[in-house]
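Which chain is which? The protein sequence lines are A and B, in order.
Going by my numbering, the first sequence opens with residue 1, and the numbers climb by one from there.
Going by my numbering, the second sequence opens with residue 1, and the numbers climb by one from there.
Hint data in this document are derived by calculation from the structure and do not stem from the laboratory.
A portion of the hints provided could be inaccurate.
To be verified - Subject to a maximum C-alpha distance of 27 Å in a straight line, what follows is the list of computed DSSO-like cross-link-like pairs (lysine-lysine):
#1 K6(A) with K223(B)
#2 K249(B) with K276(A)
#3 K21(B) with K216(A)
Just so we're clear, the structure is a prediction, and the values are computed from it rather than from any experiment.
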Amino acid sequence: MKPRTKRKIREAASSYAFLMPNFLGFLLFTSGPVIFSLFLAFTKWDLLTDSSLKWVGLENFVRLLWFHYEAGAPVANDPYFWKYVGNTFFIMLGIPVGMAGSLALAVAMNQRLKGIVFFRTVYFLPTISMGVAIYMLWRWIYNEDFGLINSLLAMIGVDGPGWLTSTAWSKPALMIMNLWGTVGGYNMILYLAGLQGISPELYEAASIDGASPWQKFRSITWPMLGPTTFFIFVMSMIGGFQSGFEAAYIMTNGGPAGSTTTISYYIWQNAYNWFKMGYAASIAWVLFIMVFSVTIFNWKVGGKIVHY
Amino acid sequence: MKSLTAKESKARKKRKGLFKKFFLYALLSFFGISMVTPFFWTLSTSLKEPGNIFTSTPEWIPRAKFIEREGKKLDIRVKEENATFKVLATGKIRIGRKNRIYSERPEWWNPFLKKYYVLEKRKEEGKEKPKRIYVKILKEKAKVEIIQEGPDKGKVLEVPSNAIKERVNPAWKNYLEAWRAIPFARGYINSLFVSITITLGQVFTSALAAYAFARLSFPGRDKLFLGYLGTMMIPGAVTMIPVFILLRKLPEVLNWIFHTDFWSTTQYLGPYMVGTPIGIDSYFALIGPLLFSAYGTFMLRQFFMTIPRDLEDAARIDGSGPFGTFFRIILPLSKPALATLTIFTFMNSWRSFLWPLIITNSMEMKTIPVMIASFQGLYITDWHLLMAASLIALVPMLIVFIIGQRFFVEGIRLGAIKG
Chain A
1 MKPRTKRKIR EAASSYAFLM PNFLGFLLFT SGPVIFSLFL AFTKWDLLTD
51 SSLKWVGLEN FVRLLWFHYE AGAPVANDPY FWKYVGNTFF IMLGIPVGMA
101 GSLALAVAMN QRLKGIVFFR TVYFLPTISM GVAIYMLWRW IYNEDFGLIN
151 SLLAMIGVDG PGWLTSTAWS KPALMIMNLW GTVGGYNMIL YLAGLQGISP
201 ELYEAASIDG ASPWQKFRSI TWPMLGPTTF FIFVMSMIGG FQSGFEAAYI
251 MTNGGPAGST TTISYYIWQN AYNWFKMGYA ASIAWVLFIM VFSVTIFNWK
301 VGGKIVHY
Chain B
1 MKSLTAKESK ARKKRKGLFK KFFLYALLSF FGISMVTPFF WTLSTSLKEP
51 GNIFTSTPEW IPRAKFIERE GKKLDIRVKE ENATFKVLAT GKIRIGRKNR
101 IYSERPEWWN PFLKKYYVLE KRKEEGKEKP KRIYVKILKE KAKVEIIQEG
151 PDKGKVLEVP SNAIKERVNP AWKNYLEAWR AIPFARGYIN SLFVSITITL
201 GQVFTSALAA YAFARLSFPG RDKLFLGYLG TMMIPGAVTM IPVFILLRKL
251 PEVLNWIFHT DFWSTTQYLG PYMVGTPIGI DSYFALIGPL LFSAYGTFML
301 RQFFMTIPRD LEDAARIDGS GPFGTFFRII LPLSKPALAT LTIFTFMNSW
351 RSFLWPLIIT NSMEMKTIPV MIASFQGLYI TDWHLLMAAS LIALVPMLIV
401 FIIGQRFFVE GIRLGAIKG
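So here's chain A without its partners, still in its complex pose (with noise of 0.2 Å):
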């Protein structure tokens, strides 16, 4: 053999050896998980009265997405899924929101002032203990009779409403606590980069040009971050489809009558509520769907818009 073979083989093993560990955990917990889940996606397997898994082909998608006609008209096989769909994305309108608002704040964070460091730190305060801890906060500062936005309210004469207990304001409560949570967190971090990657030199041949500030932002500041407005959004997204759990978890259990319920609290409800292991993988396999989706159509459209 001749040695330059021999030493590639010897690479090949040692590197073998090197992705061992990882490779094993990755085969066991998440290849593996990720093919049992969709056969589980077409079984109907009750975990809880311990009954033998039944192949139903693909009865739970039929259930899930698909329709019936009651009294001539057109009805969801599973309702709840598809208001639970339009919780997860009413709830994901709140991105674009919190995008601008991280980019205000970093525009502002990248002029050279004092302390900067000090804001920094306490912008980035509620992203660091974003948890458990924190729902329950809110949960506090939502109460309809003595929370604190409430007394805040009735201070200036208003009415504040139940915050988490009416179905209007449920969701737009959510909405601001998350504002709250990541509005100075990564993505104002991201776009700070962003930002101190801009050439300086474009600002000055602007200036000399005339250019008032929003133009200099407009034609300037905006298009050199694209690449991280991209980023940013489809990372979001992402997270979007999939968030929800704990809020609805601690603060509402989902309620009133379904209103914060995501697409990830069902999933728990039927996995480990009522224990219907087949119908929650199948829900699960419908969002990784949707996240897929929406990801490579953001990478395609995204790609024609951002100049990088």
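Since chain A is already given, all that's left is putting chain B on it; use the hints.
Quick look at chain B alone, frame taken from chain A:
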């Protein structure tokens, strides 16, 4: 118009700069305050006596009520507040409970109108909002119970409301009470053990794999890497269900193979319950599935790619194999990236909720977030305890963040570099 001299225009520019700075600080401060207000609110609630939480106007500083009698200060609890008020609509004078008075503020559209109103808490059939009755308060009285230790303890008196005085009095005992209400200490040990093990494992396995992907060549490398990247898009819910089923069924299978019931029996370490060996309610279930991460592999690969190859070549010429190069050259050079991944992983596993929630049953095996959630179920309306518990859970995160702050900013940038 007279043209400006150079000096004047410079001064104008400076003034404009100052104005801009002022505006920016004002803006940043305003939103900054709204960022930290909830935390202050939590802290303040957590330090209040249970009776002082439900106030219609926010009280930021926890206070205790007392009255002065014969020159002595006596701590009291307000039992009932009454008021004589005039109903403005009819002119009638009535006596009623003070706590029925919902707000003592004027309406926003007329700040000079010093009217008071009582909010009827009963909602009328078919009406969205409770009815408001406007009243003017004439005289306020309160029934108070003396809670100060001494001969007068337990006595109930009626005093005019303005005789009740207040002093600053944080109720630190709330923290002790919250801490004792559920096994928080055990939760802390669980969370620390689980988070540290996951972090060490994830960083180690990710670094090894990342080096293979970044520097070594082997058949199928790029396809495999693409597979890793692809899994990052799969929702956690997809894999969670099968892993849950696996861990639920595994003990039964092992018992059947080895003809024992060891695998499904709860184990004890001295007096301490340490869960089952494998399966639901075990440390293995809490840790095992999280020892491997596609994200960590991806992030470290991106970083390893930026290390100059010369150093490795030098090491290789000196006769060092891939393992020697990895441990002696790559790892020491990647300290910032490794530190970043460490902090991220630690914080993510500390706050992780869904997986520990579904995989644990007994209180002894729960991690801090799950414990807090079950605490909420037990103490639904004890907001002072709930807020104290929330802060107890938040403190480690804040400490880690303050220590590792600079790594955060770096890490976010690293994660976003497209490969």
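Hints and how they fare:
For the given pair, K6(A) sits about 23 Å from K223(B) by alpha-carbon distance, which is consistent with the 27 Å threshold. A distance of roughly 16 Å separates the Cα atoms of K249(B) and K276(A); the hinted pair therefore holds under the 27 Å criterion. As the CA atoms of K21(B) and K216(A) are separated by approximately 19 Å, the hinted pair is consistent with the 27 Å bound.
Consistency note: the structure conflicts with none of the earlier hints.
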